[in-house]
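Build the full structure now, drawing on both the sequences and the hints.
In terms of the working numbering, the sequence shown has 28 at position 28, counting the first letter as 1, and numbering is strictly consecutive.
It should be emphasised that the hints constitute simulated quantities derived from the structure, not laboratory data. Nothing here was measured: the structure is a model prediction, and the numbers come from that model. Even glycine gets a Cβ: it sits at the ideal position worked out from N, Cα and C. There may be inaccurate statements among the hints.
[As the list claims (entries may be wrong)] Taking CB as the label site, the calculated pair distances span: (1) 8 - 85: 29 to 37 Å; (2) 39 - 80: 15 to 23 Å; (3) 3 - 74: 13 to 21 Å.
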Amino acid sequence: MLERKKVKGRTQVTFVLPDHTPEGPVSVVGDFNHWNPHAHPLAPRGDGTRAATVTLPAHTSHAFRYLAADDYWFDEEAADHHDGTNSRLNT
Numbered sequence: 001m002l003e004r005k006k007v008k009g010r011t012q013v014t015f016v017l018p019d020h021t022p023e024g025p026v027s028v029v030g031d032f033n034h035w036n037p038h039a040h041p042l043a044p045r046g047d048g049t050r051a052a053t054v055t056l057p058a059h060t061s062h063a064f065r066y067l068a069a070d071d072y073w074f075d076e077e078a079a080d081h082h083d084g085t086n087s088r089l090n091t
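In structure tokens form, the structure reads like this:
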């Protein structure tokens, strides 16, 4: 799930997954963090989910995916669209 909030010409995007699906650590990686799996790990929230928030310029498009343990890559079903390789997000 993606949560978005407009803030002064920027968009805060929060990437949200269930707490244990998939098991183990998960990071959101994309062109906004140079595909660095250590930049935005998802952290537990009190509501049974885990999340990471990224602030991006408004009116831009970004490619991203999730990376879980054992080199398991997966897409966000609620992404704005998919380009065949990555999930896509428009701010």
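Checked hints:
1. One distance hint, 29 to 37 Å for the beta-carbon pair residue 8 and residue 85, holds here, with the actual separation near 32 Å.
2. The hint said 15 to 23 Å for the Cβ distance between residue 39 and residue 80, and at roughly 21 Å that hint holds.
3. For the pair residue 3 and residue 74, the supplied restraint of 13 to 21 Å holds, since their beta-carbon distance comes to about 19 Å.
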